[in-house]
Each structure stands twice: as structure tokens, then as C-alpha cells.
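Using the sequences and the hints given, assemble the complete structure.
For the protein sequence lines, the chains are A and B, in the order given.
Once you know that position 197 of the first sequence is 197 in my numbering, the rest is easy, because the numbers rise by one and skip nothing.
Once you know that position 250 of the second sequence is 250 in my numbering, the rest is easy, because the numbers rise by one and skip nothing.
To be clear, the hints were calculated from the coordinates, so they are not data collected in a lab.
Among the hints, a few may not be true.
[Stated by the list, open to error] As a list, the in silico DSSO-like pairs of lysine-lysine whose alpha-carbon atoms are at most 30 Å apart:
| # | chain 1 | residue 1 | chain 2 | residue 2 |
| --- | --- | --- | --- | --- |
| 1 | B | Lys-55 | A | Lys-169 |
| 2 | B | Lys-55 | A | Lys-139 |
| 3 | A | Lys-228 | B | Lys-198 |
| 4 | A | Lys-49 | B | Lys-840 |
| 5 | A | Lys-228 | B | Lys-334 |
| 6 | B | Lys-49 | A | Lys-139 |
| 7 | B | Lys-232 | A | Lys-228 |
One letter stands for each residue in the lines below.
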Amino acid sequence: MRLGMLIDVTRCSGCYNCFLACRDEHYGNEYPGYSAAQPLNGQFWMQMKEVEGGKYPRPRLNYIAIPCQHCQNAPCIDAAKDGAVYRRDDGIVMIDPEKAKGQDQIVASCPYRVIYWNAELQLPQKCGLCAQRLDTGDKQPRCVESCPTGAMAYGNLDDPESEISKRLKEVDPEIFHPEYGTDPLVAYAGLPGRMIAGEVVLEGSDVCAAGAKVTLEGDGVSLETASKTFGDFEFERLPQNKAFKVTVAADGYTSQVFDVKTHTDVDLGEVVLTK
Amino acid sequence: MTEQVFTNLTNCGPVSVYVNDGVVTRMRPLVADDEAEFRPWVIEADGKKYSPPKKFNLAPMVHAERRRLYSDERIKYPMKRVDFDPDGERNPQNRGKSAYERISWDEALDIVSSEIARVKKKYGSSAISGMTSSHHNWGIVGYKMGPFMRFMNCLEATPVFDNPDSWEGWHWGATHTYGFYWRLGMPEPFDNLQDVMKNSEFAVFWSNDPDTTRGTYSGQESAIWRTWLKEKGIPAVFIDPFHNYTNAIFDQAKWIAPRMGTDTALAMAIAYVWITEDTYDKEYVADRTIGFDEWKPYVLGETDGVPKTPEWAAEESGVDARVIRTLAREWASKRTVLTAGARGGEGSACRTAYGTEWARMMVLLQAMQGLGKPGVTIGGISMGAPADFETWFPAYAEPQGRMSHSTKAANYIPQNSTKQRLWRLTVPDAILSPPVEWDGAGFCGQSLEQQFEHFVYPAEGCSEIKLWYRYGGSFMGTMSDTTKWVRMYQSPKLEFVVNQDVWYNSETRMADIILPACTNFERDDLGEFAACGGYTTNSHTGNNYRVIVREKKCIEPLWESKSDYQILADLSAKLGIFDEFTDGGKTEIDWAKAFYNCSDLAKTLDWETFDKKGYHIINAPEDYKPKPSLRWFAEGRDCDTPDTGNPKRGTDKAHELGTYSGKIEFASESLKAHFPDDEERPVSPRYIESWEGHHTTELFEKYPLQLMSPHPRFSFHCHYDKHTDWLDDIPVHRIKKDGYAWWPARMNPVDADARGIRNGDIVRLYNDRGSVLCCAVVTERVRPGIAHSYASSAKYDPIEPGKADSVDRGGCVNMLTPSRMVSKHAPGMTPNSCLIDIAKWEG
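Pasting the structure below:
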């Protein structure tokens, strides 16, 4: 059995319930054999990263909830001495609150930066997927319990009938920072990327330009979309730092072509097509 | 270590409270004994079935409730201002400045009771007044409406009318268009969810952020509904100068960002397109409305020479004419739900100069498209789930849910014969420079005529206020032009000020005596999740399940705090009115039982069983039959919804609305009868330029930014802010910098660059009314020319304590907002008609 989580960014409303439920579970509460008490400041075992994208008037806001990724190739386990960080049979990566004392190299080993240093206790600390609860009968970690939109799924990855296995089939699962190569048990869906957007305006028209053809080419992809009801178009989840050619076309109007680089999100503003 | 689990209920959801050795260690969303107790309803739409999960969904801050319970900001002991001597120098001028010393409960109760007795004897009972803050700790026994009102009525003190602070324009405007005064201007919400899911093809969110306002008390229950709508792919627009948090969820929606205060112009232009393109529901307008022909010439420009074209509205609002025209055409060509505030109506746009006109136009636009027909409704997308409507359970906003008025729970009801009234927004003006006058008896839920009643303070034969009993203390962060509250508190005319609260709030340290109250986790109570009753009957439809919760005393009151009821009972004993106040010696448990036993639930579940289990879920009936809001009206039938406050329901006029004509009124009969010549709230709605906006040239040149201060996302008004430090780690709520948790102020990069302001800078928001320091958030999510900073900072932190014009570090942006009311006869607050500028703060 491998326990895992799916975090669906497209379903996250940014309510921070998970962030606060995690604090309630761990702040000031010691769970012998599992974790020492979480201190008041500086530790967010369920981190929330707000990512604002796009430009006025087409901004985007995404939230990425970042717990310990429970990597199957966990650098923290390698960095720890005396087996202070270990993987349970169910896949949960645990920090032994006794053995890990003084081992600050464990904090530095995590590429996701989700291990925190408790200066008072001289202890590295992190999310243990609420193992103390799962072992005593609770069905899911506190973060998942508190999520109102089903943006988090949890369960046994090796059971095809589990909630998480079903959900993973419905989405296009991604790894957060695959370049770290740590094979996490936490999967994501809908992680934001770069965005190229704009609004098509037809010269001489007094309404918005729906249905204009907008194509994007570059980095080995070729995408096509149509401007929406209000003339807006966007390409989302594009790779960073790549060059693209964007063509805006409408029947009876002269097309416009833009060379765009995704160093940042790009908004082409009003693209006025003339006859 | 033995762990006990208690049930309790907050104003944002039910909880299971885990207690170890007398200390609360955790709080979870109420954990049901058995999942089978939930019987989820099913909505079928587009061949898909939608059902809520079998659980309760709290608002975020409730997860931090434990931290608030043990907060250092708790008032721990009775306190006395060091330079206050009831028998000597009172030094009122030092309120807000001087320090406090701890005193005993005996001394505190002696001072407060002898001051009450002294003032009453010297000036009469009308010289005593006081009021509570809103949305106090949940529970019908201890809720602010109950004990405090009962106590003040025992004293026969001067009551203070609340203003409808979240929905002013709907209360003072929309009621004259479609009635619903018994819901204070908001529409009935019934089966909105089902109707939208099944029938709506387009959603117009206008000045509405339901993911932030959450149907008022329903926590995150409705979040999943909006997820369904998003995944269903319903096309949507959001009209709001701020790209709000619901808009962020509906990432494919169109964001339309008008200047503040120009929403009515947009609405007029939409009507213009429909009239000139002949795309409105003429049959409905003919049969279900009156006055269309009186109003239409104004829209067409026949009365004032200004046709309300999209091009005209574009000049006013800054929204492109093509966008307005396209919006109008989409709206008319699809079954469109208008979602214009948490309860259907509300929203920042209604808390502006002439906000009545916007709210009236929201109703009229939907009337032009057949309001009440399938998919064509007004609803917040945060109320209107299928539910049980048969089981009555008392709630705070109805007389039977208050110990002050409940003839079912109490044997004796104290009668207050004092005729004098105060108006919350002008209490400081009343104290500092009487007389004050206004129209309207507060929440005018009994009749439209209540709005036309004229009040003068001081009332004939009554005294000016000499003793102010404040229960809570949020007004620096919630009312308008709030530095005047500081000046009021420092007036020698207030001979005595007492403040009773759980936590130190913005007004607490302006009292002479401070009394420590406890939370609902330290006393016994009961209540229903999200149900306030009264003018919002069946507000539990913001939930997926009804649940009645026994709020158990989880721990003993902390430090020397006591329950509000106990404090007032102790004072009553000193004043010789103990039996009157306590109804013959009732304890809080006695009251809880009395309220429970008068409920419908008690008919099938006895108190002992309920008390032991701690909660009871009431599921929607298995054979639930939807009765969508206003469908009856659209179809010319009698009202069939469970809108129990509708006075025509069950009469021979049951097919009518609550207006004089019984129809939707483009020309209002009630305004025609009472204020026929009012140019500020005319008989037919008009767009009127704001008295503080881009047309007020001189002021606009001096203060070129419009401040928008809506209801906050991570606190319930002031509740939870300041007293719950975990929230300070949520950057939407507060931003930590240099050891201080600052209130965020959002501005567009264009405005920030022009002022040399960078993201994260400490900035001063200012105008002639005050200065407030905030942390700048430079974001693409606000329209240029707008500064967005939430109302409801609980932290009033003047750099020079005791000086009304001091710069505030706490983020009480309400200090900057105007005193001026919506219009001459509509005495609502207008925080969103506010010009400011922003500068980098160099300290």
C-alpha cells in the first residue's frame, strides 16, 4: 500500500482551510513517536503558494498547496543519519523526532523546502500526512478533511478502487517540479504555467470580436483557439522562457502576427484588426 | 491524559472540540457519529447528478478558533482606566490614551451598577444607551440580541437602530421596486442552486464575491456549488473594480471593471440596448410590472437629452462600449442569473452614494428579462440549496429566538417604554452635536412605511445620552468616517463608558471600565448552523445540511472572564432587577432547554437525547419538490415558497409582491406617495453622479484614487482579526513586515509606479478625514484608479493614542470613508464613495 495525495489546482479556491487545519492539528501538540509540537512562527507544513499571473485586465490567480511530497526517492532520507528520516510501509516519509535532533542538514536536503527547522528543539519538522490520526482510525489527513471543493484527494495509490485512484484517472496528473527527480507520492493537476493573452478588436465594429482565429506556434507545439464572447483569447500553461509566434486572424480583416517570449506572462492588449 | 470531545457551533460552522485535561487541543469540522446520518440531496442537470459530500465545511478562520480562544488579546480581568474616578475626576478626555489597572469583579460591578443607578436617577433611563457589535459568538442563549437587549429593556434605555450596513441600497432602494421589505430588500433565495444548475445559461456576478462572503454564516458549504458551476462551464462575467476571489476561481469568466459608483450607468446602458434592440420581455413587463413607460423616456434620453447609450456609459464607467453592448446582448439572448451579492442582493456597489439606484436597477434589469422564469433569477450562488423547511427552530433575528422577546422561552418579557432612538451611523454626531435627524426605523422589516418615519434625537421629553454601554467594539473598522467615534468617546457629555467584550477591540480602550466576557466554548448554549431567522428566514439554505448543535461548555471560563449572561445577571442583582432579568433565576442551561423545548425538533427528539448526542442533522425530504424563487410570481400563481415573512402569503393577495401595486415598479408607488419630489431617490431610478467621485473635480484632483473597502475574506467583519495570529500568515489577510502584521492595500502597477510605490512598501492611505498605514500589494487585479483594502480591521493602532486625527497603523481604512449618507432620505453608509491618495510612508 502506498498512500498518496492529489492536489487539483483547478479546484482550489484558495480558502486556506488546509493551511489552518494543519496548524490546528500540530501547533503546540506533541504526538510521541510521530512529531514534536509545531512552534508558533515560521512553520507551514501545508504551505500555500499564491501565483498571480496574466496582466490587467486578464489576470489569473492560482494557489498551489505544498505539503511534504512524500518522495519515493527522498533526499531527506539520504541526508539523515541514524535513520532519522524513514519511509513507512505505507509510503509516508517520517522524521523521527528523537533521532533527528540536531540534524539541520535534513532541512537543507529538501528541494521543495517543506522541511522546517525548529530552533528551540533543534529539530527538523514537516508534514507526516497526519499519520498519528490515520493510525488511530481517522480516514484522511486534516487538510483533506477540511477542503470544501474536493481539490484534495487522498488514499491508497495501489488500490484501483480508492478515491485517489479514481480521481487520478479523471485528470492529467503532473509532478510539481519534476526536475527534482524525487518521485513524489503527491500528484498535482492543473499547475499554472505561462500565459499569453489579449483581446481581438475589429475596427469599425461596435461589439466584441468573438470567434476570431488565434494560433500559437513554437517550442514544438501548434495550438489554435478562438476569441471568446468578449473578444478575449488566451493560451495558458505554456512553458517558461520559450519563443512563440501568435497569429490573430478574422475573415475579411488583415491578420496580425506577434513574436512573443514567455519570460513573463504576456498580454498583447487590444489587437485591432483592420480591413 | 483523557480526551473529551464536545460539540459547539460558531458563526461560520459547527465544530468538534477536543479537550485534554481542561485544555482545548484541536477543533475539527463537526464529526458525525455515523456518515449515514447525512442524506445528501441530488440535483440533476445536463444528465449529471450533483450531491454534496457528507461533511460540514467551515470557514477558514474557524480552524484557527483554538488560537483565538487562548489569545493574548483576551480581556482577562475587569479593568479600570487609571485616571477614572467615579467620585472625583473622570478625565473623559483621556479615553483612548490612558492605561488601565486590574480591579476585582466586585469593584467593577459596583462601579457599573452605581453609575447606571446614578444616571437613571439624575437624567432618567433614556440617558442610558448602548449597543452590541454584529455577528457575535454564535448561540441563541448568549447571542448579542438576547441578554444585552433583555438587560437594556429592563433598564428602559435608549435603543440604537442598526443600519443595514451590508446591503444599504437594497434596503433603501430595491424594496421600493419589488417589495421584500420583510427580507430587508434581498430576494427570496429558494432553490436558486437547482434553478441555476438546471436552467441558467449565463451568470452575471455584479459586485459579488460569494467565495469571500459565503452566504453570511454558512462557512464554505457552498464552495462546492461554485466548483460544479465552473466545471459545468457556465459562461460568466464579473462586474467589479476588483478581480475578486470568485472571479479568480471562474478563470474563464470575463472581468469587467468599472469605476466605483458608475454601476448604475452601466445598468442604464444595458437597458438602453434592450429597449432599442427590442430584446426585453414585453409580455412580462406588461403583466408583471408598472411604470415602464414613465421610466423608459429617461433611458432613451427623451427627458434629459442624454440617451443612456453604451458609449455614454463607457465615458462614465471606463468600460468599453463594445463590452457593454456585448454584455447586454448576451444577457438578453440567454437565460441569465444575476448574482448581485451574498444574499442575491448586497455588494459594494450598493454601499455608495445613490446606491439605491443600482440596487433598483438590478431588479429592473431582471424584470426586463422575466425575473422568476426558469434560469432568470437573482441569487448569490451561496444560498438556495434543497432543504427541510418544516422544522422550526428558534434563531437570533426573530423575537422567539431572543430571551428579550421570546414569549415561548420566557415567562416575563421586560417592556421598554423609552421612545428615544439613536441611529448607529450618527451616534457620535448625536453625542457631539445634537440634534440629529434621520428617516427610517433601522431595519425596516415590518413595512415600507417604516422607512418614512422621521426621527429626531434627542427625542421630546428624553435626555441626551450620559452613559454608553458598549458590548463589543468594532466600529473603528466597520462604520464610516470613524475618527468621530474617538471624538465621541472623549466627550465629557458621556459621563460613563463601559465596554464588555471577549477580546480587546478598537473601542475597548476608550471605556472607563472594561468587563471580560467569555466565548461560546466556555458557556452552555445551542443553535442552528447559519440560521439567523427573522428577516433572513431559512438562511440555512446556504448549507448543504441543516444541523442543530448543542453548544457545550468545553472548558471553564478563562482567566476571570464570565459569560455575558452571567455578567448582566450579576449587574441585575446589584440593581435589584435580578428576577426580571433572569426570568426568575434561569441559568443558561435553563434558557437553552426552554428554547429547545419550544422548537419543532423537541416534538420528536427529547432534550436529554439531544443534549447527550450534541447535534441533530435535519436532511432535506427524500421527495423534495423544488419551488424556485419568484417562479410563482412570474407564472401569476400564489406564493408557494417557504418565505414565511411574506405577509401576503396565504392571503387573497398571495400572487402579489410586497410593493404598493403588488408588481415590480419601474416607477415606485411608495416613493411617489411619500417623497414624490426627491431628486436623489427619484420615483424612477436614475444614474446620479456621485458626490465623491471622478466628477467632483476639485476633490478628485487632490485625491485621485477611489477607495474600495468590501467585506473581508479571512475574518468575519472584525471577528477573528487581531485575535487570531495564525491568520496573519495569510497574505490576503495581513502581511508581516518588520515584526508587524499590516493590513494590505491593493493597487494597480500603473498607480503604484506613478507614486514610486513597490510591492511590500508600507504606504499611507489618506484624505482630509484621516490617514491609515497599510502594506502595498501591487497587483494586476485592480482597475487603475482604484485602491482596494478590505473594511473590518479589528486593530486600531493610532501612532498617537487618544488623538482622533492620529495616523492609524492597524488598517482601519473606514476612518477615510465619508459620513455622508446614500441620499437625503436614505440614511445608509457609503464607504465605497471615497477618494484618497496613497504615498509611500517613510515613518
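Going down the list of hints, with the structure as the test:
For the given pair, B:Lys-55 sits about 24 Å from A:Lys-169 by alpha-carbon distance, which is consistent with the 30 Å threshold. Of the supplied pair hints, the one linking B:Lys-55 and A:Lys-139 holds, its CA atoms being roughly 13 Å apart against a limit of 30 Å. A hinted pair counts as satisfied when its Cα atoms are at most 30 Å apart, and A:Lys-228 with B:Lys-198 qualifies at roughly 23 Å. Distance check on the hinted pair: A:Lys-49 and B:Lys-840 sit about 27 Å apart at the alpha-carbon level, within 30 Å; holds.
With a C-alpha separation of about 16 Å, the suggested pair A:Lys-228 and B:Lys-334 falls inside the 30 Å cut-off, and the hint holds. Distance check on the hinted pair: B:Lys-49 and A:Lys-139 sit about 25 Å apart at the alpha-carbon level, within 30 Å; holds. At most 30 Å may separate the alpha-carbon atoms for a hinted pair to count; B:Lys-232 and A:Lys-228 meet this at roughly 17 Å.
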